[in-house]
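Engineer: Sequence:
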Amino acid sequence: MSLDILAPGDLIGTELKIKIKDQRELVGILLALDNKPNLLINNVIEYSFQQGNLNKRELGLVSVPFDSITTVKINNSDLDKTIKWKSNLI
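Quick note on full-length UniProt numbering: the sequence shown kicks off at 1 and runs consecutively.
The hints are simulated quantities; they were obtained by calculation from the structure and are not laboratory data. Among the hints, a few may not be true.
No more than 25 Å apart at the CA atoms, straight line, and that leaves these computed lysine-lysine pairs for PhoX-like [what the hints assert, rightly or not]: (1) 21 x 84; (2) 73 x 56; (3) 56 x 36; (4) 21 x 73; (5) 86 x 73; (6) 84 x 17; (7) 56 x 19; (8) 81 x 17; (9) 17 x 36; (10) 19 x 73; (11) 81 x 56; (12) 36 x 73; (13) 36 x 86; (14) 17 x 56; (15) 19 x 81; (16) 21 x 86; (17) 73 x 84.
Cβ pair distances, simulated, as ranges [to be verified]: (18) 88 x 24: 34 to 40 Å; (19) 58 x 23: 14 to 20 Å; (20) 70 x 29: 31 to 37 Å; (21) 43 x 85: 28 to 34 Å; (22) 71 x 12: 16 to 22 Å; (23) 29 x 84: 30 to 36 Å; (24) 87 x 67: 39 to 45 Å; (25) 48 x 89: 35 to 41 Å; (26) 7 x 52: 36 to 42 Å.
Note that the Cβ used here is the ideal one computed from N, Cα and C, for glycine as well.
Just need the whole structure built from these sequences, with the hints factored in.
Structural biologist: Rendered as structure tokens:
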């Protein structure tokens, strides 16, 4: 099974770890994306370092502009489930 069969929309409902340009990390569930693709994520927890301390904030629903994203990570087990689900459809 390969990542080639996945489209971005297949990851809706998956927990993402998104690092943005100002070094904050957002962890939440992907709800939607547009054609840019800006991301709409829910149940977001923001992690940031300030003065050497790790800060954590619950943000809820967040729109993340595509041009602010540096990396997106997905838990391997979630990715494997999504690939398996998609390959059963085709």
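Engineer: If a hint holds in the structure, say so; if it doesn't, say that too.
Structural biologist: Here is what the structure says about each hint:
1. Proposed proximity of residue 21 and residue 84 is contradicted: the alpha carbons are some 32 Å apart, above 25 Å.
2. Taking the CA atoms of residue 73 and residue 56, the gap is near 18 Å; set against the 25 Å cutoff, the hint holds.
3. Pair hint residue 56 plus residue 36 does not hold up; C-alpha atoms about 28 Å apart against a cutoff of 25 Å.
4. For the hint pairing residue 21 with residue 73, the CA-to-CA distance comes to about 15 Å; that is within 25 Å, so the pair holds.
5. Distance hint between residue 86 and residue 73 is fulfilled; the C-alpha atoms sit about 19 Å from each other, no more than 25 Å.
6. Taking the CA atoms of residue 84 and residue 17, the gap is near 21 Å; set against the 25 Å cutoff, the hint holds.
7. About 14 Å separates the Cα atoms of residue 56 and residue 19, which keeps this hinted pair within 25 Å; it holds.
8. Straight-line distance between C-alpha atoms of residue 81 and residue 17 comes to about 17 Å, which keeps the hinted pair within the 25 Å bound.
9. Restraint check: the Cα-Cα separation between residue 17 and residue 36 comes to about 19 Å, which is no more than 25 Å; the hinted pair holds.
10. With a C-alpha separation of about 8 Å, the suggested pair residue 19 and residue 73 falls inside the 25 Å cut-off, and the hint holds.
11. For the hint linking residue 81 to residue 56, the alpha-carbon distance of about 29 Å lies beyond 25 Å, and the restraint is violated.
12. Using a Cα cut-off of 25 Å, the hinted pair residue 36 and residue 73 holds, with the two alpha carbons roughly 18 Å apart.
13. Restraint check for residue 36 and residue 86: the C-alpha separation of about 23 Å stays at or below 25 Å, so the hint holds.
14. With a C-alpha separation of about 14 Å, the suggested pairing of residue 17 with residue 56 holds against the 25 Å cut-off.
15. With a C-alpha separation of about 23 Å, the suggested pairing of residue 19 with residue 81 holds against the 25 Å cut-off.
16. In summary, the hint linking residue 21 to residue 86 is not supported, as the alpha carbons are separated by about 31 Å, beyond the 25 Å threshold.
17. At roughly 18 Å between alpha-carbon atoms, residue 73 and residue 84 fall within 25 Å of each other, so this suggested pair holds.
18. At about 36 Å, the beta-carbon gap between residue 88 and residue 24 stays in the expected band of 34 to 40 Å.
19. The hint said 14 to 20 Å for the Cβ distance between residue 58 and residue 23, and at roughly 19 Å that hint holds.
20. Between residue 70 and residue 29 the Cβ separation comes to about 20 Å, which falls outside the hinted range of 31 to 37 Å.
21. A beta carbon spacing of about 21 Å between residue 43 and residue 85 contradicts the range 28 to 34 Å that was offered as a hint.
22. Here the CB-CB span from residue 71 to residue 12 is close to 19 Å, well matched to the stated 16 to 22 Å.
23. A hinted range of 30 to 36 Å is violated for the C-beta pair residue 29 and residue 84, which are about 19 Å apart.
24. At about 32 Å, the CB distance of residue 87 to residue 67 disagrees with the hint of 39 to 45 Å.
25. Range check, residue 48 to residue 89: Cβ separation about 38 Å, and the 35 to 41 Å hint holds.
26. Range check, residue 7 to residue 52: about 41 Å between beta-carbon atoms, so the 36 to 42 Å window is met.
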